[in-house]
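Novice: Just so you know, the sequences run in chain order A and B.
The opening position of the first sequence corresponds to residue 1 in my numbering, with each subsequent residue numbered one higher.
The opening position of the second sequence corresponds to residue 656 in my numbering, with each subsequent residue numbered one higher.
No lab work stands behind these hints, which were simulated from the structure alone.
Some hints could be false.
[What the hints assert, rightly or not] Here are a few chain A residues that face chain B, going by a calculated C-beta distance under 8 Å:
| hint | residue |
| --- | --- |
| 1 | E81 |
| 2 | K111 |
| 3 | F494 |
| 4 | E497 |
Beta carbons: idealized from backbone N, C-alpha and C, even for Gly.
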Amino acid sequence: MPMPCHENNAVSTAGRKTATTQPMLVLVGNPNVGKSVLFNKLTGKFVIISNYPGTTVEIARGGTFIDDKEFTVLDTPGVNEFAPRTEDARVTCDVLRDYPEATVVQVADAKNLRRALLLTLQLAELRRPMVLVLNLMDELDKCGGRIDVRKLSEILGVPVVPTIAIAGTGVHLLQQAIGRARIPSLPSDAPGSRPCPTEIEAQLARANAILAQVYTITQPRHASFAQKLGWWATHPIKGLALAALVLYFTFWFVGLLGAGTAVGFFEKVVFGRYINPWAIQVVDIVLPFPHTHDTQESHYNLEIPLSPTYGISIWENTQIVSAPTYSLAPSATLGGWTQVRRLAHDFLVGEYGVITMALSYSLAIVLPIVTTFFLVFSVLEDSGYLSRLAVMLNRLFRGMGLNGKAVLPMVLGLGCDTMATMTTRILETRKERVITTLLLALAVPCSAQLGVLMAMMASISIRAVVFWIILMVLISFIIGWLAAKLYGGETSDFILELPPMRQPHLGNVVAKTFARLEWYLKEVIPLFVLGTMVLFILDKLRVLDKIARFGEPLVTGWLGLPRETASAFLIGFLRRDYGAVFLLDAATGPKHLLTPHQVLVAMVTLTLFMPCIATLFMISRELGKKTAFWITMFIFPFAFFVGGLVNHLGGLFGI
Amino acid sequence: MESKLKVSAPQFLHCPLCGFEFEKQETPCQHGCPLGRFCKLVCCPNCRYEFPEKTQGLNVLQRLFHRGRKPAPDRTLLGLHELEEGEHSELVCLNSSRASRRNALAVYGLTPGSRLILQQKRPTFVVRVGETELALEIEIAREILVRRV
Numbered sequence: 001m002p003m004p005c006h007e008n009n010a011v012s013t014a015g016r017k018t019a020t021t022q023p024m025l026v027l028v029g030n031p032n033v034g035k036s037v038l039f040n041k042l043t044g045k046f047v048i049i050s051n052y053p054g055t056t057v058e059i060a061r062g063g064t065f066i067d068d069k070e071f072t073v074l075d076t077p078g079v080n081e082f083a084p085r086t087e088d089a090r091v092t093c094d095v096l097r098d099y100p101e102a103t104v105v106q107v108a109d110a111k112n113l114r115r116a117l118l119l120t121l122q123l124a125e126l127r128r129p130m131v132l133v134l135n136l137m138d139e140l141d142k143c144g145g146r147i148d149v150r151k152l153s154e155i156l157g158v159p160v161v162p163t164i165a166i167a168g169t170g171v172h173l174l175q176q177a178i179g180r181a182r183i184p185s186l187p188s189d190a191p192g193s194r195p196c197p198t199e200i201e202a203q204l205a206r207a208n209a210i211l212a213q214v215y216t217i218t219q220p221r222h223a224s225f226a227q228k229l230g231w232w233a234t235h236p237i238k239g240l241a242l243a244a245l246v247l248y249f250t251f252w253f254v255g256l257l258g259a260g261t262a263v264g265f266f267e268k269v270v271f272g273r274y275i276n277p278w279a280i281q282v283v284d285i286v287l288p289f290p291h292t293h294d295t296q297e298s299h300y301n302l303e304i305p306l307s308p309t310y311g312i313s314i315w316e317n318t319q320i321v322s323a324p325t326y327s328l329a330p331s332a333t334l335g336g337w338t339q340v341r342r343l344a345h346d347f348l349v350g351e352y353g354v355i356t357m358a359l360s361y362s363l364a365i366v367l368p369i370v371t372t373f374f375l376v377f378s379v380l381e382d383s384g385y386l387s388r389l390a391v392m393l394n395r396l397f398r399g400m401g402l403n404g405k406a407v408l409p410m411v412l413g414l415g416c417d418t419m420a421t422m423t424t425r426i427l428e429t430r431k432e433r434v435i436t437t438l439l440l441a442l443a444v445p446c447s448a449q450l451g452v453l454m455a456m457m458a459s460i461s462i463r464a465v466v467f468w469i470i471l472m473v474l475i476s477f478i479i480g481w482l483a484a485k486l487y488g489g490e491t492s493d494f495i496l497e498l499p500p501m502r503q504p505h506l507g508n509v510v511a512k513t514f515a516r517l518e519w520y521l522k523e524v525i526p527l528f529v530l531g532t533m534v535l536f537i538l539d540k541l542r543v544l545d546k547i548a549r550f551g552e553p554l555v556t557g558w559l560g561l562p563r564e565t566a567s568a569f570l571i572g573f574l575r576r577d578y579g580a581v582f583l584l585d586a587a588t589g590p591k592h593l594l595t596p597h598q599v600l601v602a603m604v605t606l607t608l609f610m611p612c613i614a615t616l617f618m619i620s621r622e623l624g625k626k627t628a629f630w631i632t633m634f635i636f637p638f639a640f641f642v643g644g645l646v647n648h649l650g651g652l653f654g655i
Numbered sequence: 656m657e658s659k660l661k662v663s664a665p666q667f668l669h670c671p672l673c674g675f676e677f678e679k680q681e682t683p684c685q686h687g688c689p690l691g692r693f694c695k696l697v698c699c700p701n702c703r704y705e706f707p708e709k710t711q712g713l714n715v716l717q718r719l720f721h722r723g724r725k726p727a728p729d730r731t732l733l734g735l736h737e738l739e740e741g742e743h744s745e746l747v748c749l750n751s752s753r754a755s756r757r758n759a760l761a762v763y764g765l766t767p768g769s770r771l772i773l774q775q776k777r778p779t780f781v782v783r784v785g786e787t788e789l790a791l792e793i794e795i796a797r798e799i800l801v802r803r804v
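Produce the complete structure using the sequences and hints provided.
Specialist: Here it is, written out as structure tokens:
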């Protein structure tokens, strides 16, 4: 059908340039076909992309210029059909409904043309001008397929553009084709087809008819290495071996290289020897009052770790540096202004100072760990391994009322629980989302926390570490199982497409890591500064002591910890890793407050805490205030309950 | 919450002629049939055979006499779970009671006539349809009826 009436979409706005209705492009398509890559290439804006179906959970918006006209581009989550079964599909449907004027750019995986055509046929019913993009042409080539692009364009009556978006091939062709966007003009029904019982089957019959005309394939004789690797990854035995290998590498890279070497360097050298002493000096000059700073010996050993206890030492040295703690000059009497100066001094570089505590902690300890984790995660994501891991773990997750798809939020939770809570949107039922969110908040430690926990583990025995791991896994299962029983309802079917194994694209991995880090730091640093300020004020008003006394029965009685640690739990409400750092100080610091048994109790209690206040906000945004309230009401008492049990019964296990 | 619990499960009907399983809402009516809602016949959406709907009493009777007796299996028609790893097959039909499940499979290209390769059975079924690799649980694999090729 020619298109007489839809000119208004692009042309009429040119007449009134200042009009608010900018022409729009909406990118739609099946999951994991490269809509976001194309979006990046068109707009120059970065959105997170990966080799896992369902990465885009929110709509990204950007602008692009085509023939000197500015277009707004919307990137939508992938859909397989326009039946809003998942949150993602609902989002995409809403976008199409809200912007009836928009030009639809359907992005298709050239290898899976049948599925794309199915979507095209559904889109055709909307009667919008559209362009079909055949992306991933390189992969089609590799698997020996061929598509007659011109014929396809004739049949559908819309421009068809072959692209390899990741390499930028064909993007300018797409830009040229936007102007030629047409309403699809399909032959109304294939003649002689038998009546089909359902809509979808009727569409399939038509898709097959089109496919037969344009698509040919000659299967290559041998499976490629990537394909074989993909098969190994889901094999019952080889898959486990591969999973163990991946796990070990992740542990080495994040736990040893990130949390060990990198953190040591940033904490001891960058902050401990340069930034902190320098900040102290500057503040002392600007805000003078009679005092002398303590000095401490800083021993630094740069090594490449091989195992948690052994590494190759490269460089070692010891230096005396000034510490944030200080003693007042004995004869000094502090007047009004000096008091104010002292307060400001303490606020910046004191024991609970913004620079000496908040910044050095968030930048020196958290940043290296999170960076290394996100790097590994991005590589895993892009390789296509995560969906294979979902296949391996499906049976396990079934017992918790979840299915294998929950593996993505769970693994991402090891990086950042807040981010992971948002990703639970890829799950289909509310039941699965609630259970996954609960488990994330309860038992999945985020990378920042893991780093601190690993440091604490150094002061307890291997047996206690194993006990801690087993306990956390057991709690996840029991709570997951109970939650599934209590919540009732059915778990959705496990039908998951396995994306091809691909070699991760270095540029994309780096860009993605940066994007996640930016998100993370924006969330973390203000929280750390806020937390430090709260602590500072409490410390100055001598409230810390009072709170410690108030919480004494709980902390000393039930948990069996010294009362000084009460503030750690108090601040653990804000961020559990931040609380853990206090315990770390108590466990391994110069004062050695805690016995190994107490360290274990503290670790268990803090791991079970809500990750941080940002996660709480995210839960209430995603699941509603009521659910967030109940999750919180469950988590905190439960954490203290289990901590106490470990304290009282730990002796039975000989820990 | 409570209203959810009260909703009864949809009724499934079996076509005595072709064995197709469907929900009652899916039954098409013949055009221009004067009986309208007084019609007691149901029509199979697959083969258009008309047959009377089973009543409660008949159900009870049938269960009484046919207890434990299963229809002789048609050995050319297998569940996907009965195949060996690496076997090629052609999909005959999706014997799923849930329309949503049938739809979910259909959008991935699992439709009557499509060629499947069963890649693995453990820990989870993986089938290959064209260039798509799909992981499924055994419960779903059981409902995919295929013919060896």
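Novice: Would you mind marking each hint as holding or not holding in the structure?
Specialist: Here is what the structure says about each hint:
1. E81: holds (5 Å)
2. K111: holds (4 Å)
3. F494: holds (5 Å)
4. E497: Given a least distance of 6 Å, the restraint on E497 of chain A holds.
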